[in-house]
Amino acid sequence: MIRLDRLSVSVHGLPILRDVTLEIAPGKVTGLVGESGSGKSMTALAMMGLLPQGFVTNGHAWLDDRDLTTLPEREMCRLRGNRVGMIFQEPMTALNPVRCIGDQVAETLIIHGKANRADAMDIARQRLDRVGLPDDRFPLTRYPHELSGGQRQRVCIAMAVALNPKLLIADEPTTALDVTTQAQILDLLKGLVEEEGMSLLLITHDLAVVADMADHVAVMQEGEIVEQGPTEVLFRTMAHPYTRKLFAASSHQPARVAQAEDVPLLSVEGAVRDYPTARKGVFGRPGSFRAVDDVSFSVNRGESLGLVGESGCGKSTLTRAILGLDALQGGSIRLDGQEIHAGPHPDGAIRRRMQVVFQDPYGSFNPRWRVERLVAEPFHLMDTRPPDTRDRVATALGDVGLPPEAMERYIHEFSGGQRQRIAIARALITNPDLIILDEAVSALDVSIRAQILDLLAKLQREHGLAYLFISHDLSVVRAITDRVMVMQAGRIVEEGATDKVFTDPQHDYTRTLIAATPVIPAAWQGESDD
Amino acid sequence: MLRFALNRALSLGLSLLVASVVIFAVIEVIPGDPAAFMLGLNAQPEAVEALRDQLGLNGSLISRYLGWLGGMLTGDFGVSYTYKVPVSELILQRLWVSLPLALYALILSTLIAFPVGLIAAARRGSATDYGIMGATQLGIAVPNFWFAMLLVLVFAVNLRWFSAGGFPGWDAGIGPALKALTLPAVALALPQASILARVMRSALIETLGQDYIRTARAKGLTRRQATTRHALRNAMIPVLTIIGLQFSFLLAGAIIIENVFYLPGLGRLIFQGITQRDLIVVESLVMILVFAVILVTFLVDIAYAAVDPRLRRRA
Chain H
0 MIRLDRLSVS VHGLPILRDV TLEIAPGKVT GLVGESGSGK SMTALAMMGL LPQGFVTNGH
60 AWLDDRDLTT LPEREMCRLR GNRVGMIFQE PMTALNPVRC IGDQVAETLI IHGKANRADA
120 MDIARQRLDR VGLPDDRFPL TRYPHELSGG QRQRVCIAMA VALNPKLLIA DEPTTALDVT
180 TQAQILDLLK GLVEEEGMSL LLITHDLAVV ADMADHVAVM QEGEIVEQGP TEVLFRTMAH
240 PYTRKLFAAS SHQPARVAQA EDVPLLSVEG AVRDYPTARK GVFGRPGSFR AVDDVSFSVN
300 RGESLGLVGE SGCGKSTLTR AILGLDALQG GSIRLDGQEI HAGPHPDGAI RRRMQVVFQD
360 PYGSFNPRWR VERLVAEPFH LMDTRPPDTR DRVATALGDV GLPPEAMERY IHEFSGGQRQ
420 RIAIARALIT NPDLIILDEA VSALDVSIRA QILDLLAKLQ REHGLAYLFI SHDLSVVRAI
480 TDRVMVMQAG RIVEEGATDK VFTDPQHDYT RTLIAATPVI PAAWQGESDD
Chain R
0 MLRFALNRAL SLGLSLLVAS VVIFAVIEVI PGDPAAFMLG LNAQPEAVEA LRDQLGLNGS
60 LISRYLGWLG GMLTGDFGVS YTYKVPVSEL ILQRLWVSLP LALYALILST LIAFPVGLIA
120 AARRGSATDY GIMGATQLGI AVPNFWFAML LVLVFAVNLR WFSAGGFPGW DAGIGPALKA
180 LTLPAVALAL PQASILARVM RSALIETLGQ DYIRTARAKG LTRRQATTRH ALRNAMIPVL
240 TIIGLQFSFL LAGAIIIENV FYLPGLGRLI FQGITQRDLI VVESLVMILV FAVILVTFLV
300 DIAYAAVDPR LRRRA
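Those sequence lines, one after another, are chains H and R. Everything in the first sequence is counted per numbering that gives the first Met the number 0, starting at 0 for the first residue and increasing by one. Everything in the second sequence is counted per numbering that gives the first Met the number 0, starting at 0 for the first residue and increasing by one.
With the rest of the complex left out, here is chain H (with noise of 0.2 Å):
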């Protein structure tokens, strides 16, 4: 039995998290779900006692008859990976690059002196083994560099599991994983919490993943539990304003008008891209990889076209080689007629016609310079500068809804949602016929996600683009487009009306992508809708 007494977390007298109090029954999978900054992880971290130097706990978080809180560092060595164990969002990163998996799940036993060296190595096969990584594909041998996410977060559940640990705590295990991998990630954490009769603690953002998972639900907000009960319960009555909202944000449907003319903007015709591998020896030739093959399509003025598929599927390539930024080896991409051609000197006139807007909020402006410049950037794309370059930034700002006194700040002064906002006011700024929007609302949470949709919305409407909108999020491009393409290993497999393809899906490979997307039963929806 684990339980969370009024745990309380503060850093330099700031709260992080008010008096949390949480059951977390034996057997069970307990969910809990808020956004970004509502302290998920702190609470994570707290139980674990691994909270960053400058935070101070208060309150109690009992695993059995000890507190969490107090017991010494030594301690809590000894229960960390034994007792409890805890997986992390990033998979890619969660390995030591350097050792072999065999040493890193094996490590865990020979560190609470469980077990022998080659005992250990036993074990770790068999939970290698169980985490669906059989020996005669995944021998202990192999490094991590050498799996992919979904393989690594596998690894990563072999390891914390180890000890057979009475509490798993699994933070966001499978936010950074495409939704087939999802799904089998979280098939796993499913059969071991029967299998072994452990706790599971599920951290997410995701209200669906929690629906199809959890027994119980705790919301949190702000640093406190707004809301818990049994899941069906809870989703069914939704008490707390906060968990309508998150809910009706999650399902958000923007206000759309079919606006597509029958002009094709953009055409591509056989596009194919290779990337060179590595070459084998010093006079080895370099081999390739075809990231993008034979692929055509093209979107109409104000059209609004879905691009999903998993991850390394060449959607970003393809994304690529639209912007010109690589040359293509062989079809061609035309905007308007006019082929776009990859190389030191970009056609400006074509280029301002087409803007992109990319999934990272953070990364992609540049930190030393005011948002004036930033948004009045594409402008070196004309031939001119145009003198009113002022007003029409602050006209761009207008239309994303920020205030034109933006334009005298610095980027970090701004949250992930206004950071995107600014990224479309300056995909806006050259007044482009089309917008790429790649990933563009996949780092956002779930209110602010709803918030964007709405923005992109309204600005199709008010300045008749056409976006091509690239995505893994299936929910997300249901909402947001006319017509879908789904890509896989390079090729487009299958095209159609947004909800045609959804609805009747015909290829394989987009049945299998629908059904591994998580849903919240419609019979629990219906109570909420009021």
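Hints were generated in silico from the structure; no laboratory data involved. Any given hint could turn out to be false.
Said to hold, decoys possible - The calculated lysine to any residue pairs, modelled on SDA-like cross-linking and capped at a C-alpha distance of 25 Å, are:
no.: 1; chain 1: H; residue 1: Lys165; chain 2: R; residue 2: Arg213
no.: 2; chain 1: H; residue 1: Lys189; chain 2: H; residue 2: Val232
no.: 3; chain 1: H; residue 1: Lys113; chain 2: R; residue 2: Ile212
no.: 4; chain 1: H; residue 1: Lys165; chain 2: R; residue 2: Gln224
no.: 5; chain 1: H; residue 1: Lys189; chain 2: H; residue 2: Gly228
Computed from a predicted model, the values in this text were never measured in an experiment.
Place chain R on chain H using the hints.
The following block gives chain R in isolation, referenced to the frame of chain H:
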């Protein structure tokens, strides 16, 4: 791993070949006659002609290059014009001073830098850390010849523990020889250790912030176990890079320290070769040093691959 090493060895051979062409070409493009240049303005034409012959300057470009290269491969570097002894003998003699001195200094600096960097990183932001960072700043700033003279003053002149300079040769026994190399090695090691400790500290601090350290802590490792078992090896790449650069420098760059301690090392030999216009010695020595630097780079590459499995695939 073996494949990787073979591949690296192949590119090492290629680099050497390119280097030999460049060095040969540089000597070729020096304006005027090297022999006349070496002998000075008042040289007899016969003497110049004899030297040209000795330098191998008569004959076609290709045959001269091949002759020079073939000579080096068989250990025949020619005869020094000023010392009148085979260059190979000269270099070998000096190498027996410079190589042990460089190794000695490198071992000292590594032995100092590793624990110091480790402590500073583990206690980041503490008074110990600030103290160590201040001390290493000083270690880098102090000119090493001045520090060498200070060492002589304290340990040779006042305490009389070491002699002030000179080298008894390895025939005198390992003990006395090492003793003679101790003060110069310490003088060389001080700035190197200071740099290495700082690199070690920052590399460790970076790796300690990585996700896999958090994973290790969640497995139940103590802070110290996480540092030694997971952070240390990952922090090695920048440290190895610096060690490689430092060794290359120590081999030939110890010239000032060699002068302070009257040590017959490579640095002094090359300096003398240049001042006495002994191009045969200079040419061969430069080639040897290039070989040493490329060899060290090769060893560092192998060490990278030993430390980090991700680098083994790249050849």
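We went through each hint and held it up to the structure:
Taking the CA atoms of Lys165 of chain H and Arg213 of chain R, the gap is near 20 Å; set against the 25 Å cutoff, the hint holds. A distance of roughly 20 Å separates the Cα atoms of Lys189 of chain H and Val232 of chain H; the hinted pair therefore holds under the 25 Å criterion. For a cut-off of 25 Å, the pair hint linking Lys113 of chain H to Ile212 of chain R stands: about 22 Å separates their Cα positions. Simply put, Lys165 of chain H and Gln224 of chain R have alpha-carbon atoms about 24 Å apart, close enough for the 25 Å limit, and the pair holds.
Taking the CA atoms of Lys189 of chain H and Gly228 of chain H, the gap is near 19 Å; set against the 25 Å cutoff, the hint holds.
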